[in-house]
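For what it's worth, our numbering labels the leading residue of the sequence shown as 1, then goes sequentially.
For the record, the hints were derived by calculation from the structure and aren't laboratory data.
A couple of the hints might just be wrong.
[Unchecked claim] Here are the simulated EDC-like pairs of lysine to aspartate or glutamate, each with C-alpha atoms no more than 16 Å apart in a straight line:
| no. | residue 1 | residue 2 |
| --- | --- | --- |
| 1 | Lys76 | Glu365 |
| 2 | Lys76 | Glu410 |
| 3 | Lys36 | Glu172 |
| 4 | Lys351 | Asp381 |
| 5 | Lys351 | Asp376 |
| 6 | Lys237 | Asp249 |
| 7 | Lys332 | Glu304 |
| 8 | Lys332 | Asp306 |
| 9 | Lys332 | Glu356 |
| 10 | Lys32 | Glu172 |
| 11 | Lys58 | Glu162 |
| 12 | Lys351 | Asp378 |
| 13 | Lys332 | Asp307 |
| 14 | Lys76 | Asp402 |
| 15 | Lys237 | Asp218 |
| 16 | Lys237 | Glu208 |
| 17 | Lys351 | Asp372 |
| 18 | Lys58 | Asp119 |
| 19 | Lys351 | Asp320 |
| 20 | Lys237 | Asp223 |
| 21 | Lys58 | Glu95 |
| 22 | Lys351 | Glu367 |
| 23 | Lys351 | Glu323 |
| 24 | Lys58 | Asp228 |
| 25 | Lys351 | Glu375 |
| 26 | Lys36 | Asp198 |
| 27 | Lys76 | Glu367 |
| 28 | Lys237 | Asp176 |
| 29 | Lys76 | Asp345 |
| 30 | Lys237 | Glu83 |
[To be verified] Estimated spans, in silico, between C-beta atoms of each pair:
| no. | residue 1 | residue 2 | range |
| --- | --- | --- | --- |
| 31 | Glu386 | Thr225 | 48 to 58 Å |
| 32 | Phe384 | Thr225 | 46 to 56 Å |
| 33 | Glu51 | Asp376 | 51 to 61 Å |
Each residue gets a CB set at the ideal place from its N, CA and C atoms; glycine is no exception.
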Amino acid sequence: MKRIHRTALSLAAAAAMPMAGTVLAEETLPLKSVNKAGEIIDAAIAAYGGEETIENLKTVARQSTFTTWATNQSRKPGPPWDEGAQSTLQAIDLENGVYASRQAGDAGGFEFDTTVVIDGEEGWNVDYRAGTVTDNPNADFNTASGPFVRVTAPLLVRQLMERRQTSHWLGEADVDGRPHDIITLVMEVGPGLALYFDRETHLLSRSERVLPPFGQVDYRFLDYTTIDGIPFASTFKLLVNDQPNITIDYSSTQVNQPIAQFAALPDDFERVEGAAQPTEMVLEEFEEGVFLAGANGTYAMFVEMDDHVVAVGATAGIADRIEALREAGVDKPIRHAVLTHHHNDHLVGVKDYEAEGATLYTVAENESVVRDNAEDGDTLDLVFVEDRLVFESGDRRVEIIDLGPTPHVEHLLVAWLPEEGVMFEADHFPNPPNGRMVPANSNTRALAAAIEREQLDVRYIVGAHSPRVAPIADLHTALGLTSRVKTAGL
1 MKRIHRTALS LAAAAAMPMA GTVLAEETLP LKSVNKAGEI IDAAIAAYGG
51 EETIENLKTV ARQSTFTTWA TNQSRKPGPP WDEGAQSTLQ AIDLENGVYA
101 SRQAGDAGGF EFDTTVVIDG EEGWNVDYRA GTVTDNPNAD FNTASGPFVR
151 VTAPLLVRQL MERRQTSHWL GEADVDGRPH DIITLVMEVG PGLALYFDRE
201 THLLSRSERV LPPFGQVDYR FLDYTTIDGI PFASTFKLLV NDQPNITIDY
251 SSTQVNQPIA QFAALPDDFE RVEGAAQPTE MVLEEFEEGV FLAGANGTYA
301 MFVEMDDHVV AVGATAGIAD RIEALREAGV DKPIRHAVLT HHHNDHLVGV
351 KDYEAEGATL YTVAENESVV RDNAEDGDTL DLVFVEDRLV FESGDRRVEI
401 IDLGPTPHVE HLLVAWLPEE GVMFEADHFP NPPNGRMVPA NSNTRALAAA
451 IEREQLDVRY IVGAHSPRVA PIADLHTALG LTSRVKTAGL
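From just these sequences and the hints, can you work out the full model?
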């Protein structure tokens, strides 16, 4: 028995050891890919100042102006896309895990001047219009700083140094007539990146990733200038599915300078306790037979009728929201599904409602983009709302009203339950989970004006991006607040 036991152990050990064969390990495709990626990374490190320089890159602060195009997020479906602008200051301390980003501007009916500050495991959101500093329970350094790292080539090269074991060579391609090598980078947070390095300069020219539901996102690094021995792109462009989305022009870059002033919290602002967005599915029956379902900042409303359900809102995760409804014992078929507007993040659920066999409701102007988001757009059952449409069943009445135009969209479908005094809306009433109202933006003022125009006795507002059932007093509070600042102040 001992002899057999020893033989078994020997066989197991032999099986676990590399074995010589007719094909050398260096010739396998995976190893070729890893080794080639390593060569490209080494050349890039040299091009960006060398290993010691990159390792000693502790802080970066950049001030910039953004020109934005609201790709699939404009007032009307399809190009030309609406154009906006904002000023931004971003600063990162890689050694101490500190990140600060201040953004000020206006776009799509939103006026904003805010700073996100992350310091280790703590975080705050500063709202200069409201004059508040709110604790951020979801604070995470890698998540918050990821967008800045992805648009800053030396920081991506630093990531490659730290995570080169995850990198592979994908092949080669021409970019603007110049040969490039393509390698992968898997960051701590977010989808993997494909990085394009110029074979002659070894600088990063382009990166790509796929970001559902938006599609392919392309990053372009242009007009390099050298700062403290490190090349930085002074212009950056972001495209979504080959459509221009953002152009960033950098006006200043500081390297290895203290960033404490950028992460400082205003002493004279009111401190407010924050509340985290639920990450697990929440289904709340806030009125009899009326449910708000969602997580991670996307929500839908389901209304029980006599023998069916009316659904409102088509943001991400609709299949999960329907499953939660079924688990709660509501097994009636979803016969009607209302799409609030045409923005792509509010059409993600079209396929899920299509799979349920529901009739979908939108406006005629949005027909093409809605069908494009369906599994089979040609057979999708669509009904167009003109001003107002009513569902009635037993004692329940649901009115679908077009409250557009607004600064955000030409057509905004809301669901209005007159007996319950409930309105479901999307994107027009910021409703923070902690219930702390901020000064009304243009969209909120437009919503309030439409409610008054339609003479709706609204008592509660629920929305596509908040877990809260807000009393109408919150809308009045927002309307009564005035902005603390009038300009970006960057």
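Under the criterion that the straight-line Cα-Cα distance not exceed 16 Å, is the pair lysine 332, glutamate 304 satisfied?
-> Given that 16 Å is the threshold and the Cα spacing comes to 8 Å, the pair holds.
Holds or violated: are the alpha carbons of lysine 332 and aspartate 306 at most 16 Å from each other?
-> Answer holds: lysine 332 to aspartate 306 is near 9 Å, not above 16 Å.
Within a Cα-Cα threshold of 16 Å, do lysine 58 and aspartate 228 meet the stated pairing?
-> 13 Å, holds
Sort out whether aspartate 249 lies within 16 Å of lysine 237, counting only the CA atoms.
-> 9 Å, holds
Verify the proposed pairing of lysine 351 with aspartate 372, using a straight-line Cα cut of 16 Å.
-> Holds - the C-alpha atoms of aspartate 372 and lysine 351 are around 10 Å apart, at most 16 Å.
Does aspartate 198 lie within 16 Å of lysine 36 when you go C-alpha to C-alpha?
-> Holds, because 14 Å separates the two Cα atoms, which is no more than 16 Å.
Is the hinted pair lysine 36 and glutamate 172 satisfied, with a Cα-Cα distance of at most 16 Å?
-> 11 Å, holds
Is the hinted pair lysine 32 and glutamate 172 satisfied, with a Cα-Cα distance of at most 16 Å?
-> 14 Å, holds
Straight-line Cα separation of lysine 351 and aspartate 378 no greater than 16 Å?
-> 13 Å, holds
Do the alpha carbons of lysine 58 and glutamate 162 lie within 16 Å of each other, as the hint requires?
-> 14 Å, holds
Restraint status (C-alpha distance of lysine 76 to aspartate 402 at most 16 Å) = Roughly 14 Å separates the two Cα atoms, so the pair holds.
Pair hint outcome, lysine 237 versus glutamate 83 [Cα-Cα no greater than 16 Å] | 14 Å, holds
Of the numbered hints stated above, none is contradicted by the structure.
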